[in-house]
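Trainee: Residues per chain are reported as follows:
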Amino acid sequence: MDIITFGLISASVILLSSVGFALIVQVEGFLNIAHGQMLLLGAYSGLFLSNLGLHIIPASIGAAIFCGLVGALFYGLLFRPVKAKGVLVLLFTSVGAAYVIYGVVGAIAGKRMLAFDLPLVRAMKLFGQPFMTIYELAIVIVAIAVALCLHLFLAYTPAGKSIRAVADNEDLARARGIDPLRTSYLVWFVASALGGLAGVFLGIMGSLHLSMGWQQIIIILATTVLGGIGSLYGVMLAAFVIAFGIEIGLIFVPASYRSGLAFLIIVVVLLVKPQGLQALWGGGRDRTH
Amino acid sequence: MTAILKTNRRRCLALIGAVGLALAAPSVALAQDGEPVKMGLLVGLSGDMGPWAPALNNAAILAVEEINADGGILGRPVTLIAEDNNSTVDGAMRGATKLVSVDGVSVIIGPESDPIVALRGYAKDNKIPVISTSGGTEALDDAGGTGTYIYRTNASDSFLGVVHAKMLLDEIKQDEVVLVVENLEGTKSGAETFKRAYERLGGTITKEITLAPGQTSYLSELADVASAEPEMVFLAVGQTAGVNFVKQAYQRGYEWDYWVTAELQSPDFVNAVGAEVAAGAMNPVSSQVEGAKSWERFSDAYEARFGEKPEPGFYQAETYDAFIAVALAMEAAGETTGEAVDANLIKVSGPGGKSVISFADGVAALKAGEEIDYEGASGKLDFDEHGNVTIPATRLLKVSEDGEWETVTIVDSSAFPAN
Numbered sequence: 111m112d113i114i115t116f117g118l119i120s121a122s123v124i125l126l127s128s129v130g131f132a133l134i135v136q137v138e139g140f141l142n143i144a145h146g147q148m149l150l151l152g153a154y155s156g157l158f159l160s161n162l163g164l165h166i167i168p169a170s171i172g173a174a175i176f177c178g179l180v181g182a183l184f185y186g187l188l189f190r191p192v193k194a195k196g197v198l199v200l201l202f203t204s205v206g207a208a209y210v211i212y213g214v215v216g217a218i219a220g221k222r223m224l225a226f227d228l229p230l231v232r233a234m235k236l237f238g239q240p241f242m243t244i245y246e247l248a249i250v251i252v253a254i255a256v257a258l259c260l261h262l263f264l265a266y267t268p269a270g271k272s273i274r275a276v277a278d279n280e281d282l283a284r285a286r287g288i289d290p291l292r293t294s295y296l297v298w299f300v301a302s303a304l305g306g307l308a309g310v311f312l313g314i315m316g317s318l319h320l321s322m323g324w325q326q327i328i329i330i331l332a333t334t335v336l337g338g339i340g341s342l343y344g345v346m347l348a349a350f351v352i353a354f355g356i357e358i359g360l361i362f363v364p365a366s367y368r369s370g371l372a373f374l375i376i377v378v379v380l381l382v383k384p385q386g387l388q389a390l391w392g393g394g395r396d397r398t399h
Numbered sequence: 028m029t030a031i032l033k034t035n036r037r038r039c040l041a042l043i044g045a046v047g048l049a050l051a052a053p054s055v056a057l058a059q060d061g062e063p064v065k066m067g068l069l070v071g072l073s074g075d076m077g078p079w080a081p082a083l084n085n086a087a088i089l090a091v092e093e094i095n096a097d098g099g100i101l102g103r104p105v106t107l108i109a110e111d112n113n114s115t116v117d118g119a120m121r122g123a124t125k126l127v128s129v130d131g132v133s134v135i136i137g138p139e140s141d142p143i144v145a146l147r148g149y150a151k152d153n154k155i156p157v158i159s160t161s162g163g164t165e166a167l168d169d170a171g172g173t174g175t176y177i178y179r180t181n182a183s184d185s186f187l188g189v190v191h192a193k194m195l196l197d198e199i200k201q202d203e204v205v206l207v208v209e210n211l212e213g214t215k216s217g218a219e220t221f222k223r224a225y226e227r228l229g230g231t232i233t234k235e236i237t238l239a240p241g242q243t244s245y246l247s248e249l250a251d252v253a254s255a256e257p258e259m260v261f262l263a264v265g266q267t268a269g270v271n272f273v274k275q276a277y278q279r280g281y282e283w284d285y286w287v288t289a290e291l292q293s294p295d296f297v298n299a300v301g302a303e304v305a306a307g308a309m310n311p312v313s314s315q316v317e318g319a320k321s322w323e324r325f326s327d328a329y330e331a332r333f334g335e336k337p338e339p340g341f342y343q344a345e346t347y348d349a350f351i352a353v354a355l356a357m358e359a360a361g362e363t364t365g366e367a368v369d370a371n372l373i374k375v376s377g378p379g380g381k382s383v384i385s386f387a388d389g390v391a392a393l394k395a396g397e398e399i400d401y402e403g404a405s406g407k408l409d410f411d412e413h414g415n416v417t418i419p420a421t422r423l424l425k426v427s428e429d430g431e432w433e434t435v436t437i438v439d440s441s442a443f444p445a446n
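Protein sequence lines correspond, in order, to chains A and B.
The numbering used here applies: residue 111 is where the first sequence begins, and numbers increase by one.
The numbering used here applies: residue 28 is where the second sequence begins, and numbers increase by one.
Pulled out of the complex, with its shape left as it was, chain B reads as follows (with noise of 0.2 Å):
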């Protein structure tokens, strides 16, 4: 299998290569003078996170092109290069050897739990800040931070966990479900944070089922579930079996409310079971405080670059971030190595100093000799001693009767105790 798994892998590397060249070539066509400054991307384009990892990839582009078009770094152009991880670890390791030795970058943003996690030894090794701005997992939580060169732009699964107990308990008065969980790392390590802090704050989990990947037919965990008789039932599903499970529900009668977590998400998961059966479903996902100015501003740039507004959840803006961070990291330092960025990403991004919240205006301020504390698009971007970020607001999305995952509420969540 590993001689298979490798040819898909050069496949995917010679079309991930091809495209991130397609993709580099406009912001060398503004380029300035000096050596490009390299910014690696490495993400999941395929295997699971790959209906996420286009957005992020996105982000990168309007982030390397919005630095480029206000002079670069030290005056010197940008280049992105994408690299595909496979959404495995494997993928991560080989996807940034090959970002760090051969093409030479100073910093790798995007891998998610998994990945990011494998590559803690190797980012202290080379000297190689490595970012996540997807990836929840709770082995992050006091992994990172300064002189370990790793960061997360986005919140912990343990919050996100705390995050779904508040707001079913808080927002929609529920406080007894059926868990259902995936047999798979990030979906039974978001359960296994909910399934704690909802126990913790006066919910009950009636009853707790687990569904074995890849099967075709769920027909006698649903008999199972049916037989607690829940309203509500919490999904922390995968796409795939996600579907399969709804929709035999539906088939079988079953008229549950959905809580789901970030997996199912998505409108392919809305279009795949039909949007009668989706709609109602609920999921909680992290957010800007509403009207905030950094927000608007990266929402309608990237609208304008790619026809589209970014979806909240997709983490964009957490990735937009990531990179605008860096390059502003960089630039207080006054060189473009790993360990620059590592030594000054806390400082610039805060608290404390000229809040600003773009490139050019960070670029400015930092000429002018003051402190900055870049505010992100998706959040304060406040690290902590561990390299990991609060999230400001929670948004409660839900299914619409026409299929659209539509905003219920913004609540504020800087105040949820941490679990």
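Bound conformation, chain A alone (with noise of 0.2 Å):
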């Protein structure tokens, strides 16, 4: 029971983190870096917002609608100017709007852990026993949430077609009559708006510190390689697998495993399956990067 329970809260946090970044490494073909400082500018412009007094939902959707814009402009002034020298020039460019993002923070909010002001909480029950908090059952809800909503929207929609298109084949997709460069600013807003979700999240469940986006780049990242470099779905399932994995592997091995175990079963997944969780279902074949 317990296992369930802490492994469906961790999972959704890693989820919600990674799922924006998998979507641009879909689209735009690299490992975009400042995600992780999306997070971070997500949690203390939702802290910004709800010190003005704002509601703690209205100051996360304000948060998130915020980080869309950021990430949106970051797309039209960065990495569409760079984008034709390649991926490397890309991503080194998102290492440098990371270093942006985490200073421009840093020099505001300044170098001290902050956190939200919201009332103290105890976990629900569940037949006896402390199931979850408020704000962890709606970080497990908002994560299925998106998770489905992000599958019916590229799956049924007109835009989120065209995102699939442009990420397939971009030149096959302009010839086809749709505008990549439209679809770009869509994915980039829709991605930093749910990293930007993210970070809030994580700054309820703890507090707000300035390494919060360099220490969750990192899971990102590992849950980005196990679900299969380009793969949304195979990220979605990554998340659940490391999460559950880990869960778990603690019953067998002392809790300062965390991390190792997290990486044990990267190791073990990619020796197997070198295309990542989106093998099992066929993906990842055609990929060229």
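Read the hints as simulated data drawn from the structure, not as lab findings.
Small disclaimer: the values here were computed from a predicted structure and weren't measured.
All residues carry an ideal CB built from backbone N, CA and C; glycine is no exception.
Mixed in with the good hints there might be a few duds.
[Claimed, not checked] One-sided excerpt, in silico: chain A residues whose CB lies under 8 Å from chain B: (1) Leu230; (2) Leu312; (3) Ser317; (4) His319; (5) Pro364.
Dock chain to chain to rebuild the complex, using the hints, since each chain is given by itself in its own frame.
Mentor: Take a look at the structure:
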């Protein structure tokens, strides 16, 4: 029971942090290191809004929209102009962008640890056992909803189809009358907004500190590799595999080996399926990057 | 990743440089004749020590301003140059090299545990005294002293371990705890020294749990701690892991008392978990004995300068003392080189000689041809042969219902057994 609860919470945090990152990998074909700092930006802008007196729900939505706009702006100003130079240039640009966000947030918010001023809560009981707090339940619901919405959006809406088309073959998509530029802006907005939202949740569960973005990007990268680079569904599955793998593993080994366990899972999966979890349904065969 | 870190460092460097210049400006205005004497402050303005470093910086500013107001060292003005070490080993090497080669400081004050251990060879090779004011590491227990150019003005972890154990056993009669330790060098060393002392003095550690750093959820670890049904949990963990752990423990309905190490003794921690949850958490910190003149003098001057009282456990007094003692060593030697400081630091801080509590008094006594014993704001500051000091008293702090760290009691710890 505990394992299911703990795993579900961890998986939701990882999923929400990684899914925006994976979306950009899929469409733009590079690892956007600045995504970790979007979490930082989301957490701190959420805190700013909530300190202005906003309720936490509108504050987190506001933070997500703000991060989405910043992401779209970054795409327009930084990434689009260098896109022709290849993925390596994009990668390094994103590292630079990460430091810009990190520096600006640090300069404004200061280096001290901060926290949301929320009422203290106890975990709700299920069959007499503490189950989840309202915040943890919210993150699980939001994560599952996000995964579902993203799937429906990509599979059934024209905008979603255009995203998939651009991700698969940009030139062909253009020839079919899809505007790759508009699609890219949309992707960056959605991905960054999801990152911002994940940041707010991280802040609510623990505290806000400047290194939270760097800490999380490592987990995000690991999840993406496990899921199979470029596969959105692979990453969603990977979040659950890592989270539950760790929780089950902790029955046998001490908790200090948490990170070790995570990477053990990744190593084993990649040994068996070098393309990551996406290989389970045949993805990743034709990927060139 | 190295390239990334470098950019970061350069940015910090520019920032700190600018701050340093701005801070140095007023002291130049008070300048006496002659080439300025440069003193370096090398602390973790960014990184893990970030929450504490500004307090150390303030203490350094206060000391330097005081020295300049009293006529400078040997009639020469003093310039403070602050440098960030990113709270890391390589940051310390880079910062020290910059301070010595570019700025030409004759002493480096402030590096924390890991940084100062990394600078041991550097200090001796370059004849630049390096004085830690907050580094507890046991590696310095017998590494310093005259000739090694390594000193520290705060107590060692090995002594703090005894303090934790004695306070738990004697003051609150707690002879069973669960030990929760984060897998970091500093917290592990603190937990290890505590465990040794506590078990030797008759306490029992019913369970020991190690936390992996940087996790969002510690729910399985909490369940593990709960299985031992502890009354009190000893937390040797950093700030972010500590917040997550304590917050989630409250949410799951665990009502444990917390005994924490210096890492969590900050208003930030209380603020992040909520006053109601943090209330009751205890931490002993080293302290000057109650009513000591040197402490009151320092505390008043600090408050007048910065508008807030120095906080127990924030090492401001230790840093202030290091600067004053170095200045007095230079005065006693009649020169301002690193060698002169190394040769005279233990002499001017006693024991033996006329007891002085300020730079001005010390200079006056030296001019009168007397031996001096500088009594610090933090304690007696009597260095032993390995450049270590003992702490006169321990202050037991507890988080009150409204979330303030308040002093419960001050205990004379001068007779505590060594570890």
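Trainee: Which of the listed hints are broken here?
Mentor: none
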